[in-house]
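Following the hints, position chain S against chain X.
Each protein sequence line maps, in turn, to chains X and S.
Residues 1 to 215 in the working numbering are what the first sequence spells out, letter by letter.
Residues 1 to 215 in the working numbering are what the second sequence spells out, letter by letter.
To be clear, the hints were calculated from the coordinates, so they are not data collected in a lab.
Note that the structure is a prediction, hence the values are computed from the model and not measured.
Cβ coordinates follow ideal geometry from the N, Cα and C atoms, glycine included.
Treat each hint with caution, since some may be false.
[To be verified] With a Cα cut of at most 16 Å, we get these calculated EDC-like pairs of lysine to aspartate or glutamate:
| # | chain 1 | residue 1 | chain 2 | residue 2 |
| --- | --- | --- | --- | --- |
| 1 | S | K114 | S | D125 |
| 2 | S | K15 | S | D212 |
| 3 | S | K34 | S | E54 |
| 4 | X | K90 | X | D212 |
| 5 | X | K126 | X | E150 |
| 6 | X | K113 | S | D11 |
| 7 | S | K94 | S | D212 |
| 8 | S | K132 | S | E68 |
| 9 | S | K2 | X | E150 |
| 10 | S | K2 | X | E174 |
| 11 | S | K2 | X | E177 |
| 12 | S | K114 | X | D11 |
| 13 | S | K15 | S | D214 |
| 14 | S | K26 | S | D11 |
| 15 | S | K113 | X | E177 |
| 16 | X | K28 | X | D51 |
| 17 | S | K89 | S | E174 |
| 18 | X | K26 | X | D11 |
| 19 | S | K126 | S | D105 |
| 20 | S | K156 | S | D183 |
| 21 | X | K113 | X | D125 |
| 22 | S | K113 | X | D11 |
| 23 | S | K158 | S | D125 |
| 24 | S | K113 | S | D125 |
| 25 | S | K158 | S | D183 |
| 26 | X | K156 | X | D183 |
| 27 | X | K114 | S | D11 |
| 28 | X | K2 | S | E174 |
| 29 | S | K26 | S | D51 |
| 30 | X | K158 | X | D125 |
| 31 | X | K132 | X | E68 |
| 32 | X | K34 | X | E54 |
| 33 | S | K15 | S | E37 |
| 34 | X | K113 | S | E12 |
| 35 | X | K2 | S | E150 |
| 36 | X | K2 | S | E177 |
[Unchecked claim] One side of the interface only, derived from the structure: several residues of chain S facing chain X at Cβ under 10 Å:
| # | residue |
| --- | --- |
| 37 | E4 |
| 38 | Q6 |
| 39 | E14 |
| 40 | F18 |
Here are the chains, one letter per residue:
2 protein chains.
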Amino acid sequence: MKIELQNVLPDEIEKRSFELISMELKEKGIVLPKENELVIKRAIHTSADFDYTENLVFSEHAVQKAMEAIRNGACIVTDTQMAKAGINKKILAKYGGEVLCFMSDEDVAIQAKKHGTTRATASIDKAITYQKPLIFAIGNAPTALVRLYELISEQKIKPQLIIGVPVGFVNVVESKELILQTDIPYIVARGRKGGSNIAAAICNAILYQMGDRDF
Amino acid sequence: MKIELQNVLPDEIEKRSFELISMELKEKGIVLPKENELVIKRAIHTSADFDYTENLVFSEHAVQKAMEAIRNGACIVTDTQMAKAGINKKILAKYGGEVLCFMSDEDVAIQAKKHGTTRATASIDKAITYQKPLIFAIGNAPTALVRLYELISEQKIKPQLIIGVPVGFVNVVESKELILQTDIPYIVARGRKGGSNIAAAICNAILYQMGDRDF
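Bound-form chain X, shown alone:
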């Protein structure tokens, strides 16, 4: 079988991908809300999974609020090194923010063992000691979302935004629903789907809008 490759310049590949996603959405008759459009498209771009048109839910003006928080120097806390690796740190640094992940920290491992929790839970407890505005990008551990919910209920933390997109089978669906019950701005992938790649993609979609890209 002869395989024909499309001739697309290196710098054009991502743009062309977004054009193909836009065309396919049009064919499916899907019109995305303007302010959430680039986030949803980038989630599709990173997964080739059009389910994200349906399962991503946004609190009111979540994307704008996230951009405002970043302009004010917010840091992004992730629950995996993978998500941290995937986020564009250059644009974030321009505004004084950085990406934090405490999952491999020794003190987090010790606290988790001591309290019989996951390291993700302990890493949220570590995050609240930070004095900066925080955006949480949770792509893996539902226990991180559960702990955030508890700390929000106890008024011990008030994140700028929660990106709640853990993937999986145990308490994943439920932990996301908990976040929807808070008054904190959120972007949540309802259901089982999500992942560190989706968490990073959502962060990047927000950051790129603050840079010079229109996709």
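Chain S alone, transformed into the frame defined by chain X:
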């Protein structure tokens, strides 16, 4: 709405997830080939996407060949820092291997610019200068697979295994089909789906089988 969380011990979450995946496969009447089972289940675990039961294809005894290569000190080359971050480097190091990613290297950027290629292409060209047995875990860039195909055809490289799971819309489907035409052992996600998370998950499924886990 009252949300009920399942009470699962931190150490048991992943195991429980795999049990739920197994149950759901059984309900769907899907029986996986024994030697590929843990790879397919881990791809589902990392994506909550059961499409991977259908789109993952394996050359003959690919998983066994990968384990043998790792036992002989093979290194894993990734095309993203995300995939590198997600791979369990501890088990690999036990056998003398490491995870390599050249994507952020300055010389790779220079070569890519000079030749008008993607950095992924240039990073494959850099990889062939390595004198160790190599496993390629490509979760992002179809151009990396295309370059591997060219170098294999020119007999300039003979990887131990190619994990070909880039995700996306431009030349993704085609680049994977190219790899299927080689005589190199492969694990490929046919179609558009895949990603750095899937690439890392497949590597980990292989590595965990060499450790003390049975899931």
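Exercise. Which numbered conditions among the earlier hints are violated in the structure presented, ordered from lowest to highest?
Worked result: 14, 15, 17 and 18
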